[in-house]
Each structure stands twice: as structure tokens, then as C-alpha cells.
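Model the full assembly from the supplied sequences, consistent with the hints where possible.
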Amino acid sequence: MAGQTIPLEYYQLVAALLFTIGVVGVLVRRSALVIFMSIELMLNAVNLSLVAFSRLHAQMDGQIIVFFVMSVAAAEVAVGLAILVAIFRNRETASVDEVHLLKG
Amino acid sequence: MIEAFLFAMFGAGAIAFALGMVFRRNPVHCALHLVGVLLSVSGMFVLLNAQFIAAIQILVYAGAIMVLFLFVVMLLNVRGETPLLTPGAAKGFGFFFALIGFVELLWVVLSRGGDEAVPERLPALPSGFGSPAEIGRVLYSTWLFPFEVTSILLLIAVVGAVVLAKRKFF
Chain A
1 MAGQTIPLEY YQLVAALLFT IGVVGVLVRR SALVIFMSIE LMLNAVNLSL
51 VAFSRLHAQM DGQIIVFFVM SVAAAEVAVG LAILVAIFRN RETASVDEVH
101 LLKG
Chain B
105 MIEAFLFAMF GAGAIAFALG MVFRRNPVHC ALHLVGVLLS VSGMFVLLNA
155 QFIAAIQILV YAGAIMVLFL FVVMLLNVRG ETPLLTPGAA KGFGFFFALI
205 GFVELLWVVL SRGGDEAVPE RLPALPSGFG SPAEIGRVLY STWLFPFEVT
255 SILLLIAVVG AVVLAKRKFF
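As given, the protein sequences belong to chains A and B, one line each in that order. Here this note's numbering is used: the first residue of the first sequence is 1, the next is one more, and so on. Here this note's numbering is used: the first residue of the second sequence is 105, the next is one more, and so on.
Any given hint might turn out to be false.
[Claimed, not checked] Label pairs and their calculated CB-CB ranges: (1) 238(B) <-> 99(A): 42 to 48 Å; (2) 236(B) <-> 7(A): 23 to 29 Å; (3) 83(A) <-> 259(B): 15 to 21 Å; (4) 5(A) <-> 193(B): 41 to 47 Å; (5) 46(A) <-> 207(B): 16 to 22 Å.
[Said to hold, decoys possible] If the Cβ cut is set under 7 Å, some of the chain B residues that face chain A in the computed set are: (6) 107; (7) 129; (8) 164; (9) 189; (10) 202; (11) 258.
Please keep in mind that the hints were generated in silico from the structure rather than gathered at the bench. All C-beta atoms, glycine included, are put in the ideal place defined by N, C-alpha and C.
See below:
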């Protein structure tokens, strides 16, 4: 893996595409579970972008930030899925279109 | 040559799996497609000399987080939604705004970040770049304080998840 022959723009393009697909998933899907997965997808796209920039500058800091993004993602998934389970126990649905009341 | 082949494989795989994840009906299929995306992205991490991050990606994301997702899918026993996408004008707006965002991202990537000069030749990597030893050195020196804050964040997340799961809503 000594010589880097792929231009880093290609990695950024893949990251941009993955991010956009994640945005589409959040905006058009109805299942809260799939919306969570789309958020994970967007976080991963940003991670890919960060690692590519870390390679571009030959500095490790981008990879460290990926570390923190992963831990935030883990925390977010734990809390988010707990909320989802609570909503499902209450309303028997996981569709965001049917959970539109702020008051209980 | 082999690097170009691997990049094409992982990149196309990541995008195809991502599309499958968004447009599949069954949540279990969506989760498995997301695993495919995560594995492809970790392959690209290896191509970018981030071996340790790639290993963590597989262990933490494709291992732990995806098991959590699948566990909740099984627990909730959700059926696939009958209209897959949100109905009406919201769908059109969703695609439209996503397209606008993509065009912006594309513009930023192709303009190479504005006027800041990006080196044509990639710099040579210092020895040990992306290795666990080097990650640990940077993490526990420059990034020590954020690292400690992360532990508090995880503690709060654990407490919050337990509280939410145990609480009786009415």
C-alpha cells in the first residue's frame, strides 16, 4: 500500500454519494428503524471523508475524529433504539408518520 | 492496478448496498444491506492506510451496533411498511432537497475546496501511519481531553437507555 494511485477526489465522491443516499433515506422512508440506519450511513460517509482527508495531509487527527464519531454513533444508537422501543410499546407502530403528536 | 480494482469494487459495492438499504421493504434486509455498506467502507479505509480504523469499523459497527439493530428489529417484529415511502408531496420534496445537497457536495469536491492549494502529489506517509501504536500516541496526548469527555457521553447514553427502557409511559 505504498503508492497511492487513486485520486482522493474519488473517495470524496463516494462519500458524497453515500451521504446523499442517507439523506434520501431519512427524508422519504417511513420506518423509524430505517431512518436510524440511514443516519448511520451518513455518519459512515463522513467517516470516509475524514479518513481520506487524513491521508491527504498525512496526519492522524482525522482518524482520531473518526474514533469519536463512532463512539457518538454508538451512544446515539443506544438511546435512539431505546426511544423506539418505548414508542412501539406505547403505540404499536414504528412508522414516523403515525407518531406526530408531541403530547403523550 | 490492484488498488484501482479494489477501490472500484468497494466503492460500487458501498453505493449499491446503500441503495438497497434505503429501498428495501423488509427491515432485516435493510440491516443486512447496511452491514454490506459498512464492510465496503472498511475496505476503503484499508486502502487509505487506516488499518486500525478499518478493524474498529468491523468490530464496533458491523459487529456490535448491527447486532443491536437486528435485535430491536426482531424484538419489535415490525412488518415492512405497506407504502414504502412517505406519501404525497413530502416524497418529492425529500428527493429534491437531497439532490440539491448532492449538487452542493459535488461542487465542493470538484472545486477542490476553493482556493486553498491542494497538493498534487500526496505527501509521503510517516512510518506507522494508521497503526494502533500511532493512534494511541495521538489519542492519549493531543486528544486526551475529548477522549475523557467521550467516556462521560457514553455513561450518559447508558443511563438514558436504561431509564427509557424501564420507564412506564402511563
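Supplied contact hint for residue 129(B), tested at 7 Å Cβ to chain A
violated (9 Å)
Is 23 to 29 Å a correct range for the gap between the Cβ atoms of residue 236(B) and residue 7(A)?
holds (28 Å)
Quick check on the hint: residue 164(B) CB to chain A CB, less than 7 Å?
Status holds, d = 6 Å.
Interface hint for residue 189(B), Cβ within 7 Å of any Cβ on chain A
holds (5 Å)
Range agreement (Cβ of residue 207(B) with Cβ of residue 46(A), hint 16 to 22 Å)
holds (18 Å)
Is 42 to 48 Å right for how far apart the beta carbons of residue 238(B) and residue 99(A) are?
Holds - the Cβ-Cβ distance for residue 238(B) and residue 99(A), about 46 Å, lies within 42 to 48 Å.
For the restraint on residue 107(B), tell me whether the closest CB of chain A is nearer than 7 Å.
At 6 Å from the nearest chain A Cβ, residue 107(B) passes the 7 Å test, so the hint holds.
Is the distance from the Cβ of residue 83(A) to the Cβ of residue 259(B) consistent with 15 to 21 Å?
holds (18 Å)
Per the CB criterion, is residue 202(B) less than 7 Å away from chain A?
This interface hint holds because 4 Å falls under the 7 Å limit.
Does 41 to 47 Å hold as the CB distance between residue 5(A) and residue 193(B), or does it fail?
Given about 46 Å between the Cβ atoms, the range holds.
Verify the interface restraint on residue 258(B): the C-beta must sit less than 7 Å from at least one C-beta of chain A.
holds (6 Å)
The structure fails to meet hint 7 from the earlier list, while all remaining hints are met.
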